[in-house]
Each structure stands twice: as structure tokens, then as C-alpha cells.
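Enquirer: Sequence:
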Amino acid sequence: MKERIAEEIPIRSTAAYSGQFRAIPEDSRRLIAAWAESFNIPGMPQAFQRELKVVEAGIAYWVPVQEVLVRSMTAELRLKEEIELYVIYIGQVEGRHLFLVNEFVHEVPH
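Using my numbering, the first residue of the sequence shown is number 157, and each one after it goes up by one.
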């Protein structure tokens, strides 16, 4: 069962790893910076430079990932491997929900 901060917003989710990373779009970067500033978290925007494509229930999502996790992900994970993502919801950008990935586990218990 997924943990949730609200009925529709999971904070832990299982998804398939794609191995595909890209630069975070500018509108998402602005939201990350504004969110970090509102909580007085210096350095937060620099911690998120890339987003990862994951697939959950057949739907692809791009989620910003802490740079410190990217090396571990690329070294440890296999394509299409189920991983458990620990995320924080920070808001919406043009109707898209924005979740920041802060941790992952790749041995998801069944």
C-alpha cells in the first residue's frame, strides 16, 4: 500500500526504471527554486539538475532526481527494474504535478 500525504498524492511509489535522464525543463527549475526559497533551503536548486523517466502502471513520468542519486542509479539499476521512489510533492507546473526524488530502493519486496 502506498503512503500518501493526501488522498491523491503518494510520497512513496513503485515504478520501472528506464535509464533515461534529461535536463530539467526551465519551468520546473523555477518551481524548484521558488519552493526551496519559501522553505529557506539553500542549494536545493543545484541538487536537482536532471530528471528521470519512470513508468508506473503503464504511464511514463519525468521526475527530477537529486544529482547525488544519479550515479547510484546508473551503476546499480537494470532497465525496466522495479524501484521504490521516495518523493516530495512541491506543486504544479502548467497542470503537471512535480515530485522530487530524494531516495530510491531497488529491491522492492513483493
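Simulated from the structure, these hints should not be mistaken for lab results.
Just so you know, even glycine gets a beta-carbon here, dropped at the ideal spot from N, CA and C.
Be a bit skeptical, because a hint or two may be false.
[What the hints assert, rightly or not] With beta-carbon atoms standing in for the labels, derived distance ranges: (1) Arg206 - Arg234: 12 to 22 Å; (2) Phe195 - Lys236: 28 to 38 Å; (3) Ile244 - Lys209: 10 to 20 Å.
[Unchecked claim] Under the rule of at most 20 Å between Cα atoms (straight-line distance), these lysine to any residue pairs were calculated in the SDA-like manner: (4) Lys209 - Ala172; (5) Lys209 - Gln248; (6) Lys209 - His262; (7) Lys209 - Ser169; (8) Lys209 - Asn196; (9) Lys209 - Ala231; (10) Lys209 - Thr230; (11) Lys209 - Leu225; (12) Lys209 - Glu240; (13) Lys209 - Ala190; (14) Lys236 - Glu212.
Enquirer: Any of the earlier hints contradicted here, and which numbers?
Expert: Numbers 8, 13, in rising order.
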